[in-house]
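Protein sequence lines correspond, in order, to chains A and B.
Using UniProt numbering, the first residue of the first sequence is number 1, and each one after it goes up by one.
Using UniProt numbering, the first residue of the second sequence is number 1, and each one after it goes up by one.
Since the hints were derived computationally from the structure, they do not count as laboratory data.
It cannot be assumed that every hint is accurate.
One copy or any two copies: either way a pair holds, since identical chains are not told apart in the list.
As the list claims (entries may be wrong) - Keeping only pairs whose Cα atoms sit at most 30 Å apart, straight-line, the calculated DSSO-like set for lysine-lysine is:
1) Lys189 <-> Lys334
2) Lys144 <-> Lys31
3) Lys20 <-> Lys144
Since the model is a prediction, treat every value here as computed from it, not as a measurement.
There are 2 protein chains.
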Amino acid sequence: MGLVVQKYGGSSVADAEGIKRVARRIVDTRKAGHEVVVVVSAMGDTTDELIELAEQVTPIPSGREFDMLLTAGERISMALLAMAIKTLGFDAQSFTGSQAGVITDSTHNKARIIDVTPGRIRNALDEGNVAIVAGFQGVSQVSKDITTLGRGGSDTTAVALAAALGAEVCEIYTDVDGVFTADPRVVKKARKIDWIAFEDMLELASSGSKVLLDRCVEYARRYNIPIHVRSSFSGLPGTIVSNDNPNKPEGGEMEQAIISGVAHDTSEAKITVVGVPDKPGEAARIFRAIADAEVNIDMVVQNVSATSTGLTDITFTLPKTEGQKAIDALGRVKEGIGYESLRYDDAIGKISLVGAGMRSNPGVTATFFEALSEAGVNIELISTSEIRISVVTRAEDVPEAVRAVHTAFGLDSDTDEAVVYGGTGR
Amino acid sequence: MGLVVQKYGGSSVADAEGIKRVARRIVDTRKAGHEVVVVVSAMGDTTDELIELAEQVTPIPSGREFDMLLTAGERISMALLAMAIKTLGFDAQSFTGSQAGVITDSTHNKARIIDVTPGRIRNALDEGNVAIVAGFQGVSQVSKDITTLGRGGSDTTAVALAAALGAEVCEIYTDVDGVFTADPRVVKKARKIDWIAFEDMLELASSGSKVLLDRCVEYARRYNIPIHVRSSFSGLPGTIVSNDNPNKPEGGEMEQAIISGVAHDTSEAKITVVGVPDKPGEAARIFRAIADAEVNIDMVVQNVSATSTGLTDITFTLPKTEGQKAIDALGRVKEGIGYESLRYDDAIGKISLVGAGMRSNPGVTATFFEALSEAGVNIELISTSEIRISVVTRAEDVPEAVRAVHTAFGLDSDTDEAVVYGGTGR
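Chain A extracted, bound-state conformation:
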């Protein structure tokens, strides 16, 4: 009977019918006796249309004005949703990020939440309203300008409000049934995960699973807010992401599954800096140059130095979209560092196996490599954490590799599941 925060993505409120369907779901939760705070994204393609308008007006939109523009999207969806709820006989009020007390830093287009002061939301709830809050936006603490939170911003808004209001759970409604053991578009036998620990979800998210972004999971973990990822279409229970498995048997620790799932990512490229002098400080200079160009990198591998030459190769992966920036940045420091050449390769893919259980199961790595080997997949890079193993392969090998690993770890379901799967933008 507590407070529930629900977040609906753009595909759930793409048109008037979608908005009415979401309104009915909210009202059902209200009727069950819960207080409800709803975070909503912009309708369907609204954000893309606004971006296109900006591109027609200027090649380099001002960050402040771009945020002002984009936040019009949620304003539309939240007002319509509040209207639809009122039509069903329940009180509702919509609030912009600023009105809801989402306070951010001043980094336009990818602001970070630094405080949430939901006084107006609390009042609206006390007066019996469903509170509808614009996702993805806030207001800068210093300049009082409108900011947007960047990718995954609406999910983060929902988790942040849930934390500030002491919600029981933060429900993230999307167009899939939950988090799966692998991308169901690739692995027909992927299973929906009923419960997953924050830790594993974080690794899946940062390894290519699109359902939740790592930023939102990190926030939820910090404030210990359980997330329930579920479909706004089917109404079925989805995946609970939390510290403790809610279905844990009384008085005993449930045996945790060794492996949570297999994630893959084909959005990255690989850059190899060939012939780097093998002496202290060279790697630091390379990655300082990359960092100064504001390029985010993922895996980093230094190959064994060929002792005869005194040179080594350093390879790292990064989003394809940042490839050109990185190449330019490295080009500018070529003379200073004295490397021989750069190799750029964007036909790669990454497969990651995630599971806290692998800590105590030494056979996991072996099984993983055996599965890839039997599928005839060549491994180009390897990187591991305590609860994850990732490999880089040719992009075209990714589907086969994911299926092989999924089967090898006994993750396949007994039946082929028919699910719709798609990422949501923000």
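Position chain B relative to chain A; hints supplied.
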């Protein structure tokens, strides 16, 4: 070199090209050394599209949420306009009505401005910015909710900001060249008026001239802010609306034109309450019923009582859109009042002759009626103020009547002018 407030309507910023054209005009004003505050409406059909969305979601949208929805429109146009100005190398910042300090009462959908506290606008100007402000919107003083100002709201925003900031002039850019002596779509020989007094403009506006709404003119008169109505397309000087003719000869009062113009209006209907007992209080009961139904009425005429029956007829005009509401309201009080029947007629038109000069020219009324008579136009109702005569005729007689009156008062220009003419929504 002072402060100029410019307002651009939706047709001026209908697409990216329009926004860039407006940005160039603003920059030209800035280059001429002025501080510039710009008030902008929503792009083209945006508002209609948002209204349609609301209709798809609910038959009776909540006022608060409807305002939240509609204000997304200006948010889009103002952000794009600020981007376009920055691309031309000038600093610009956009502000919502709330950020600009437009404080209103809490009447959603047709709020009234009760205060303007433009501190952030003043700061933005001091820092060298062009300040872009969303028209048509404000924030409620009591509830802190977003409000909209209703029809003509953007013009009123512009005049209110001009008053609060002590602007030299408030320029209202639209898709016509200014205020004309008659609607140029009806009277080919209509002339653009170079200057018109607030008083005459108020009468024209309330008699059917669509270029400026009476509400905005009234505000400008109260704070003595000259309005310059002009085209955002041609760049030609338009019509100055002010207390004093800026072209008045030194040291002498210029002879004021007797007649400013001829307005017409075919948006009204006529209701006749037939057979009202001719005793004190009956008219009051009729108009109390109308007022309680929140119907605005225009002209009221009580015909001479037929002494033999002790009954009289009362006729009034009102917007066609409110006809049904008025008929229903009168139907409910029929027994209490004891009138015989109602006659509803929406095939009427109103022609009004406006001019402060008619005060001291007793021949005006005679000339007016002679012109209509010669044109074979039958007069159904007459109503006069000190500086206006209005008559109601058949709707189909309106164009001929307007032309006849325009000619009779010497308003025709020497050449046929080719102008584009159209009303702007808000």
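Hint check:
no.: 1; hint: Lys189 <-> Lys334; result: neither (48 Å within a copy, 74 Å between copies)
no.: 2; hint: Lys144 <-> Lys31; result: between (37 Å within a copy, 29 Å between copies)
no.: 3; hint: Lys20 <-> Lys144; result: between (34 Å within a copy, 27 Å between copies)
Violated hint: 1 only; the structure is consistent with all others.
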